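Once you have looked at the hints, place chain B on chain A.
Each chain, written out:
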Amino acid sequence: MAEETKAPEQSASSERPRSDGPRPGGDRPRFGGGGGGRGPGGPPREGGGGRKFFRRKKVCKFCVEKIEDINYKDYRTLGQFVAESGKIVPRRLTGVCAPHQHRLSSAIKQARNIALLPFAGRAS
Amino acid sequence: MNRTYELMFIVRPDMTEEDLDKLISTLQSVVPPSGGSVLRVDKMGKRRLAYAVKRFHDGIYVLMVIEGGGPVMHELERRLRVTEPVIKFLTVRTDEELKRLDKIKKLRDAKKKVSAQPAAPAPAAEPAAAPAAAETPATA
Numbered sequence: 000m001a002e003e004t005k006a007p008e009q010s011a012s013s014e015r016p017r018s019d020g021p022r023p024g025g026d027r028p029r030f031g032g033g034g035g036g037r038g039p040g041g042p043p044r045e046g047g048g049g050r051k052f053f054r055r056k057k058v059c060k061f062c063v064e065k066i067e068d069i070n071y072k073d074y075r076t077l078g079q080f081v082a083e084s085g086k087i088v089p090r091r092l093t094g095v096c097a098p099h100q101h102r103l104s105s106a107i108k109q110a111r112n113i114a115l116l117p118f119a120g121r122a123s
Numbered sequence: 000m001n002r003t004y005e006l007m008f009i010v011r012p013d014m015t016e017e018d019l020d021k022l023i024s025t026l027q028s029v030v031p032p033s034g035g036s037v038l039r040v041d042k043m044g045k046r047r048l049a050y051a052v053k054r055f056h057d058g059i060y061v062l063m064v065i066e067g068g069g070p071v072m073h074e075l076e077r078r079l080r081v082t083e084p085v086i087k088f089l090t091v092r093t094d095e096e097l098k099r100l101d102k103i104k105k106l107r108d109a110k111k112k113v114s115a116q117p118a119a120p121a122p123a124a125e126p127a128a129a130p131a132a133a134e135t136p137a138t139a
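Heads up: the sequence lines are chains A and B, in that order.
Residue numbers for the first sequence follow numbering that gives the first Met the number 0, beginning at 0 and rising by one.
Residue numbers for the second sequence follow numbering that gives the first Met the number 0, beginning at 0 and rising by one.
Looking at chain A on its own, in the form it has when it is part of the complex (with noise of 0.2 Å):
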């Protein structure tokens, strides 16, 4: 009796993390579902704290490139890290490390203030 109570307790908790894939919650960004599908993939190597959305290891632009000068007038590089709304995108997504994301951050400002990055819409 006491094996028959276990058994079903078993296998409903196993199932829960295999479940993966596209969740039910339907509107996650692409940039997730590409995660979670390389999930399997990843737990030999990640091994971290149990999450169920494993990203590819992203590693900052300005750190590899060695680029220490990010400024408000190269608003080409500025602009691969804004998106079709004119919004600054976060660093989960772009792989940025925190510093040169406040620098980033602000350069955007600075250029969307003289009119080289737009508020909102599309940059032109």
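Think of the hints as simulated: they come from the structure by calculation, not from any bench.
Heads up, some of the hints might be wrong.
[To be verified] Cβ-Cβ distance ranges computed for the label pairs, FRET-style:
hint	chain 1	residue 1	chain 2	residue 2	range
1	A	Ala97	B	Thr15	43 to 53 Å
2	A	Val58	B	Arg77	40 to 50 Å
3	B	His73	A	Leu92	36 to 46 Å
4	B	Val52	A	Ser84	18 to 28 Å
5	A	Ala97	B	Arg77	11 to 21 Å
6	B	Ala51	A	Arg75	19 to 29 Å
7	B	Lys110	A	Pro98	18 to 28 Å
8	B	Lys45	A	Ser84	25 to 35 Å
9	B	Pro32	A	Pro98	35 to 45 Å
10	B	Ala51	A	Pro98	12 to 22 Å
11	B	Arg46	A	Glu83	15 to 25 Å
12	B	Ser24	A	Leu92	43 to 53 Å
13	A	Ser105	B	Pro84	26 to 36 Å
All of these numbers come straight from a predicted model, not from anything done at the bench.
Glycine included, every Cβ here is placed at the ideal spot set by N, Cα and C.
Chain B in isolation, oriented as in the chain A frame:
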């Protein structure tokens, strides 16, 4: 008194070249009396604005790099505000940033010099490591 500022302003697109030059020289003449100096003036040309400013969709961008104290920029900005053709301006203080970039550059140059010294043993070690690495995938 060694503050460096970058001043970028946008001028309305229907300005002629000579009017623009006149305007720039007027602004430049404001700087020395207040105790500063103009380091650089860059006319960046006509560009399409990301949004309409005073109902203009294009503008001529000008960049000025100025060295001086606070009062210099005060006076300059006051002038820009009343100047009719100037539709937008932005002042950025850059001396701290330049100091930081300089420091990083010096650090990197110093590292390069240090690593340049043991250059003889380093390349010798690398070819030894490379064939060893090449062998293992070949066998595997």
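Do the hints match the structure? See the list:
Restraint check, Ala97 (chain A) to Thr15 (chain B): a C-beta distance of roughly 47 Å satisfies the suggested window 43 to 53 Å. Checked against the given bound of 40 to 50 Å, the beta carbons of Val58 (chain A) and Arg77 (chain B), roughly 46 Å apart, stay inside it. Taking 36 to 46 Å as the suggested C-beta distance range, the pair His73 (chain B) and Leu92 (chain A) conforms, at roughly 41 Å. About 20 Å separates the C-beta atoms of Val52 (chain B) and Ser84 (chain A), a value consistent with the hinted range of 18 to 28 Å.
Checked against the hint of 11 to 21 Å, the C-beta distance between Ala97 (chain A) and Arg77 (chain B) comes to roughly 38 Å, which is inconsistent with it. Against the hinted window of 19 to 29 Å, the Cβ-Cβ separation of Ala51 (chain B) and Arg75 (chain A) comes to about 22 Å, which satisfies the hint. At roughly 20 Å, the beta-carbon separation of Lys110 (chain B) and Pro98 (chain A) lies within the given 18 to 28 Å, and the hint holds. Look at Lys45 (chain B) against Ser84 (chain A): about 27 Å separates their beta carbons, and that is inside 25 to 35 Å.
Between Pro32 (chain B) and Pro98 (chain A), the C-beta spacing of about 40 Å keeps the proposed range 35 to 45 Å intact. With their beta carbons about 35 Å apart, Ala51 (chain B) and Pro98 (chain A) fall outside the hinted range of 12 to 22 Å. At about 21 Å, the beta-carbon gap between Arg46 (chain B) and Glu83 (chain A) stays in the expected band of 15 to 25 Å. Remark: the range hint 43 to 53 Å for Ser24 (chain B) to Leu92 (chain A) is upheld by a beta-carbon distance near 47 Å.
Checked against the hint of 26 to 36 Å, the pair Ser105 (chain A) and Pro84 (chain B) passes, with Cβ atoms roughly 29 Å apart.
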